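Novice: Letter by letter, the chains look like this.
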Amino acid sequence: MSRFFTTGSDSESESSASGDETAPKAAGGPYSKPLLLSEDEEDTKRVVRSARDKRYEELTNLIRSIRNAMKIRDVSRCLEEFELLGRAWAKAKGVVDREGVPRFYLRILADLEDYLNELWEDKEGKKKMNKNNAKALSSLRQKLRKYNRDYEGQIAAYRQNPEQSDEDEEKSRRDSEGSGSSSGAEDDAGNFLKRRERDEPRSRYKESESEPESESDEDWGDSASESDSESDEDDGKFTSLASKFLKKDEERRGAERRREEKAKKKLERKSRREEEEEEEEGGEWEKVKGGVPLIKEKPKMFAKGTEITVGLVMKKLNEILQARGKKGTDRAAQIELLQHLVAVAHEHQLGVPLELKIKFNIVASLYDYNPNLAAYMKAELWQRCLGCIEELLELLFAHPEIFVGENVLEESENLSNPEQPFRVRGCVLTLVERMDEEFTKIMQNTDPHSQEYVEHLKDEARVCGIIGRLQRYLQAKGSPEELCRVYLLRVLHTYYKFDYAAARRRQVRPRPQVSPGPQVSPGPQVSPGPQVSPDPQEKEKEDEEKEKQEEEEEEEDSEALMERLCRFVYAKDRTDRIRTCAILCHIYHHALHSRWYRARDLMLMSHLQDNIQHADPPVQILYNRTMVQLGICAFRQGLIKDAHNALLDIQSSGRAKELLGQGLLLRSLQERNAEQEKVEKRRQVPFHMHVNLELLECVYLVAAMLLEIPYMAAHEFDARRRMISKQFHHQLRVGERQPLLGPPESMREHVVAASKAMKTGDWRRCHRFVVNEKMNGKVWDLFPEADQVRAMLVRKIQEESLRTYLFTYSSVYDSISMETLAAMFELDLPTVHGIISKMIINEELMASLDQPTATVMMHRTEPTATQNLALQLAEKLGNLVENNERVLDQRQGAYGGYFRDQKDGGYRKGDGYLRRGGFRQERGNY
Amino acid sequence: MNFSAPFLGLCWKTRLQVVLKIIKHYQEEGQGNEVVQGVLLGLVVDDRLEITNCFPFPQHTEDDADFDEVQYQMEMMRSLRHVNIDHLHVGWYQSTYYGSFVTRALLDSQFSYQHAIEESVVLIYDPIKTAQGSLSLKAYRLTPKLMEVCKEKDFSPEALKKANIAYENMFEEVPIVIKNSYLINVMLWELEKKSAVADRHELLSLASSNHLGKSLQLLMDRVDEMSQDIVKYNTYLRNVSKQQQQKHQYQQRRQQENIQRQSRGEPPLPEEDINKLFKPPQPPPRMESLLIAGQINTYCQNIKEFNAQNLGKLFMAQALQDYNN
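Residue numbers (the working numbering), protein chains in the order written: chain Z, 1 to 926; chain E, 927 to 1251.
In isolation and in its complexed conformation, chain Z is listed as follows:
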């Protein structure tokens, strides 16, 4: 071979770049380029070389892809390529005008026409064709017909005598060339070498390709004729003017020679293939070094009869691994090879350590299969990966004496020596972590509403199982750091799941035991928790628990499990990140199971709120999720204010979706380039872990309503009224802007309607709007303890409506009986008494309680509307004067001392006018 290389590397042949059917281009190695030289470039015309070569190369490439498309009957692809070809042809017009239409172009036109006609005729096939292809076929046929009209004569000539026409053309061209430029003459000897070389790569290439024989044969015919013509032309060009007349003979000779050669090559190739099959590895590896893609099926690794030893297998393994990451390495084949190697190792009983070693590498190369970080594993690969890891763990459990660690050096590995402890390099933990990542990626990239997603989700159990087993393995052998990592993995797979089993158990258990957490009301079967589709997964989990009877710890409540894992992490972790994640997950888990006080205390003790903004985005997303869960938990407990505060940050931005990592907002592209988008996409939380956004918003709005409406009623006349929740006000305004108000449809409309009802103290209507069929379906039923939440809501609505009623209508009453109020709002008397007392103490309500008659006596100290206006006016005038004085100050320096005294003395007091309680005293001063 080497003799070809020597000529092959000469500059001119190098410059005519390859255009072969080489799918994997440039298979590495310095020699690959000349090896894969294309056969048909007329690279000798020096004057116009760059332009011409470029154009022709373009054309031939396109032609090639058309031919490929034709072969696979992909007509639409054909059409596309044909259009491109047309364009390229137009570009090459200049060259063509000078030299005439090249033969290969005519040939493709003719072939394409034949092909299309054939397809067109084939009614059966046409029917089977899909729509796109059928459409493409008809349009391509028309186009081609139109197009070919221009070349009618030439095509006809070509059809008559393909070879001849070619030669004629060549000759004419040669003539023109010969006269036009006395191009650099090269000796004939070089020519033949060159020609051979040109054939050579093709054959080499063909051989390595495992195409069906028939196809390659066809190809052969094609390229052979093609190369004939072209090398003819080569010859012609190299020969000087004088030898022009000798040409034909020579040509014929050359052609013959070539054919012979080809035949020889073919034979050679065949024999070589056979040889190779029998060859030892040595022969094989040459191939790798040669840069030819390692695609070939290897029916056998080792020659028969070779004694297979650990050393040999290791050597082989290393060789396979060396190809890893190189361009042109077929990763699938590599995996196959490794699988095979394992089988061999197993068969020959070379010892578990070796198998372990190879398996590590299999998993690693499975991960390597996708070169792109963003791409996700295919289902089949994923299954294989899971299986592999399971086997790996299986082995590890079976042989606890083997020491596996990532710190073990290659040299100090001990795979075979039974006297010393086995040492294998590799880290299961890393593999499992990577597996977890892959799982997340798969989930991110699957449409969450498809059956496929559910299918993928079923693997979650396996993933959990693997993590659980790894955990047990590491508990026996791992360092605290490793344990922390695996615990975190475990925690991350546990924290967002509602523990139905534990909840049910608690229901069964006698009541008094449940002291810290709220009782789960024994009601109808609770529907799924805040996660949207935990159903299959929950079932999975239970199944898994049943399956893994041996895992005693699985049986404990997830609460206890979380507690145990997290405590360990808190104590042992040295990287801040794992601890932070663990804390957040722990809080989330507490919140999910309605252990509000514990969740809150943990949140407050961890001081995460102060420094979370320094964390990396995924942790921040986790933090946001935790806060949201905390808020929802507080809401379920009836702690409206806490719920509102927890949710305020997330909701007020209006970007809850983005902040929770549950989807990207549609923003203009300027704000975020493609790169950023990719990064953000990678951060998304898989769908089964999502917090229901509608539930979140509803909880927030209802909480805001319960806080805001009484507040609004109390501060109706305040000029400087502050909004508690901007978003709620926004919703109210949207509701007001509606020209026609129908019955509420969406969740927001329901809340707005409820707010309006509450404003007038009509708690029944408010209740009807907040809790009804629609809202139950949309929101409330999503809670694990839906009935309890609803009961809490009713009560809150009654109380807040009472407050609102008193604020709004107290000016109408002289006195009001508490019993009436209790009846109106269906609250018991002590509660009403409590609420009113509280309002009086807080100076929200100017009234006193008359104990014997159980009535509220209004004091009527509230300013009337006009008075209120006057007060506001006074305040505004105060501001005005202040501003005016500033102007005066500008003019006269510190001259305005007199006014300032006044201002400080008099107008500052003005702030007090606004406080309801203070009004009376202020009036005394008038």
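These aren't lab readings, by the way, just hints derived from the structure by calculation. There may be inaccurate statements among the hints.
[Said to hold, decoys possible] Between beta-carbon pairs, the in silico distance windows are:
1) LEU741/Z <-> GLN1235/E: 40 to 48 Å
2) GLY654/Z <-> ARG1180/E: 50 to 58 Å
3) TYR809/Z <-> ALA1234/E: 27 to 35 Å
[Said to hold, decoys possible] Residues from chain Z shown here face chain E by an in silico Cβ test under 8 Å; the list is partial:
4) ALA865
5) LEU869
6) ALA870
7) LEU880
8) VAL887
[Claimed, not checked] Residues on chain E that point at chain Z, a partial pick, calculated with CB under 10 Å:
9) SER1135
10) GLN1143
11) LEU1145
12) VAL1149
13) MET1152
14) ILE1156
15) LEU1163
16) VAL1166
Being a predicted model, the structure only gives us computed values, none of them experimental. Where is the CB? At the ideal position from N, CA and C, for every residue including glycine.
We have chain Z; now place chain E onto it with these hints.
Specialist: Showing chain E alone in chain Z's frame:
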């Protein structure tokens, strides 16, 4: 029955017909805080301006161009001339909502009227007060001082100061005398005898808080605007003084440098235009605040008037109640 007006020595007489037409126009077309406008026709007699007729401007939407209106006026006047009615354009009228008429728009159009026809006047009709039982019709003209300022189109603080304009002397009110032919007077007398006294009881209505509330609200809005305006002005003043300081510093530095250069025997730095280096900040136009002040003044007058009346009514009612008891 002639009043001598303070400045021009003119007096405005109006016919009852005109008043009725204006009222009718408002009843038909104006509601809420929409205003209706129209043209006054009449003639100048000696030192009085007599308004003998009027016609309304058509309701027009935003996209109608202005010249349509002019065309309409011209045609209207021509038509009126055909039926032998006074067709001299002597001003215009406008309805108002709670006395809010001191606006930039009124100022501008009155200025253009007065600029073209010296005698022209604007009649302000307050339908709300009228509905309460007392016809409220007022005639205003721009004072000559304000006319000067408007002609200059310079509303900077300095110009206004120089022109000595304050909110009190922007507009002058001109007395109005409603005069009718004797026949009409006779008929009115007759009608009065026929009509029942009860028709006028809205004068005695005690419900006042609504009106007062609205007025207060409007007053408050204006006060707010005023505040904002003052803040703006304040910022301007601050900027000016800051710049003055900078300018001063710059000059001093320049001087020092020059002295140094002189001592070194170098030529002094060339003089540069300081104003170019320090562009004086754009002074905010003060006309707005003047107008707001004027408006506040009108509101205050209105409220004062209204409250005085109401207090009287309340006392009366109290006395009546006492008497009845």
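Novice: Against the structure shown, which of the earlier numbered hints fail to hold, in ascending order?
Specialist: The structure breaks none of the hints.
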